[in-house]
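Taking my numbering, the leading residue of the sequence shown gets 1, the next gets one more, and so forth.
Be careful, since some hints might not be right.
With a cut-off of at most 30 Å between alpha-carbon atoms, the simulated DSSO-like pairs for lysine-lysine come out as follows [unchecked claim]:
1. LYS256 to LYS220
2. LYS256 to LYS244
3. LYS29 to LYS80
4. LYS21 to LYS80
5. LYS247 to LYS220
6. LYS191 to LYS220
7. LYS244 to LYS220
8. LYS29 to LYS128
9. LYS29 to LYS111
10. LYS128 to LYS72
Pair ranges (Cβ atoms, derived) [stated by the list, open to error]:
11. HIS217 to THR130: 47 to 55 Å
12. GLU142 to GLU261: 20 to 28 Å
13. GLU255 to HIS156: 26 to 34 Å
Quick caveat, the hints were computed from the structure, so don't treat them as lab data.
Everything numeric in this text was worked out from a predicted model, so none of it was measured.
Virtual Cβ for every residue (Gly too), placed ideally from N, Cα, C.
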Amino acid sequence: MSTDWRHIWETIRDWDNEGRKMALATVVKTWGSSPRPVGSHLVIDADGHMEGSVSGGCVDGVVVTTAFDVIKSGEGELLKFEVATDQAWEVGLSCGGEVHIIVEPLIDVQKTCAFLLDGDPHEVRTLKSTIKTADDELFIHEFKPALQMIVVGAVHISQGLVKMAEALDIDVTLIDPRTAYASEERFPGTKFMTDWPDEAIEKIGINSSTAIVTLSHDPKLDDPALEMAMRSDAFYIAALGSRKTQKQRRDRMREKGFTEEEIDRVHGPAGLDIGSLEPAEIALSILAELVSIRRAENIKGIA
1 MSTDWRHIWE
11 TIRDWDNEGR
21 KMALATVVKT
31 WGSSPRPVGS
41 HLVIDADGHM
51 EGSVSGGCVD
61 GVVVTTAFDV
71 IKSGEGELLK
81 FEVATDQAWE
91 VGLSCGGEVH
101 IIVEPLIDVQ
111 KTCAFLLDGD
121 PHEVRTLKST
131 IKTADDELFI
141 HEFKPALQMI
151 VVGAVHISQG
161 LVKMAEALDI
171 DVTLIDPRTA
181 YASEERFPGT
191 KFMTDWPDEA
201 IEKIGINSST
211 AIVTLSHDPK
221 LDDPALEMAM
231 RSDAFYIAAL
241 GSRKTQKQRR
251 DRMREKGFTE
261 EEIDRVHGPA
271 GLDIGSLEPA
281 EIALSILAEL
291 VSIRRAENIK
301 GIA
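Construct the entire structure; sequences and hints are all you get.
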């Protein structure tokens with residue numbers, strides 16, 4: 001969910017500029033109670049400075065020791081922590097779980113950092129590990145663009161949604177041409193645009209890390225945004241409204257030539273069914289659905 005990978009690689013670039021020797025640890029397989037998902041990073045330099053995490057702390061100590069060996073030898077290692085081994089009990093996986101971590105020396109740092117951090121911010125980039133996993137394959141890591149959420153409609157629900165999304169490290173842009181609604185007073189510190197939704201979204205850009213949520217309850221605002229979203233790479237699209245409102249919207253979209261498959265991409269009513277009534281509860285249900293869908297993509301290896 002987060003943009004941690006950018007922070008890690010920015011740190012790597014800075015440390016390389018200082019002449020530090022480094023190793024990078026990456027989670028390549030998990031099972032059970034492993035606390036960090038596949039793709040999590042921990043960078044360690046020769047003096048023991050570190051950034052990131054591959055376990056939330058329970059195996060990081062062993063990883064750091066291995067990193068020192070890797071930096072000296074120049075050869076990567078695959079670490080396997082399983083609940084059935086004595087090592088797993090020693091490092092804190094006694095509650096049940098498995099994690100495989102590749103630790104490899106960092107080479108061609110500036111070239112790699114430029115590849116990942118520079119260029120088109122909407123582009124997905126991939127890197128291969130330098131050693132093989134337990135399945136005798138090279139681990140391929142996809143680095144997606146930073147997670148962003150476009151919210152149409154500066155309504156009461158949006159106020160809670162914006163605050164909660166920021167806590168999840170989601171870059172939020174609020175769109176509403178009604179300047180009385182989209183104001184600094186109502187949304188302090190929030191990035192908002194007062195263009196019409198389709199014009200604003202065109203400026204922002206949509207990629208596979210984009211979520212689009214329409215909350216205005218006004219088809220003149222919501223529909224143009226949804227029309228752009230349905231034929232885009234956005235991973236999550238949601239629209240507020242009752243089931244009757246959703247049916248009316250689906251009918252409008254059919255009349256405009258959208259297919260059933262395209263229309264089905266819109267989650268409506270927006271959010272998981274958790275019995276939400278208050279605006280903040282509805283905002284919570286929307287973010288819960290967004291996270292659920294995002295993590296389901298991760299499990300399928302899309303993250």
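Cross-check of the supplied hints:
{"no.": "1", "hint": "LYS256 to LYS220", "verdict": "holds (14 Å)"}
{"no.": "2", "hint": "LYS256 to LYS244", "verdict": "holds (19 Å)"}
{"no.": "3", "hint": "LYS29 to LYS80", "verdict": "holds (9 Å)"}
{"no.": "4", "hint": "LYS21 to LYS80", "verdict": "holds (24 Å)"}
{"no.": "5", "hint": "LYS247 to LYS220", "verdict": "holds (16 Å)"}
{"no.": "6", "hint": "LYS191 to LYS220", "verdict": "holds (22 Å)"}
{"no.": "7", "hint": "LYS244 to LYS220", "verdict": "holds (17 Å)"}
{"no.": "8", "hint": "LYS29 to LYS128", "verdict": "holds (15 Å)"}
{"no.": "9", "hint": "LYS29 to LYS111", "verdict": "holds (27 Å)"}
{"no.": "10", "hint": "LYS128 to LYS72", "verdict": "holds (22 Å)"}
{"no.": "11", "hint": "HIS217 to THR130: 47 to 55 Å", "verdict": "holds (53 Å)"}
{"no.": "12", "hint": "GLU142 to GLU261: 20 to 28 Å", "verdict": "holds (24 Å)"}
{"no.": "13", "hint": "GLU255 to HIS156: 26 to 34 Å", "verdict": "holds (31 Å)"}
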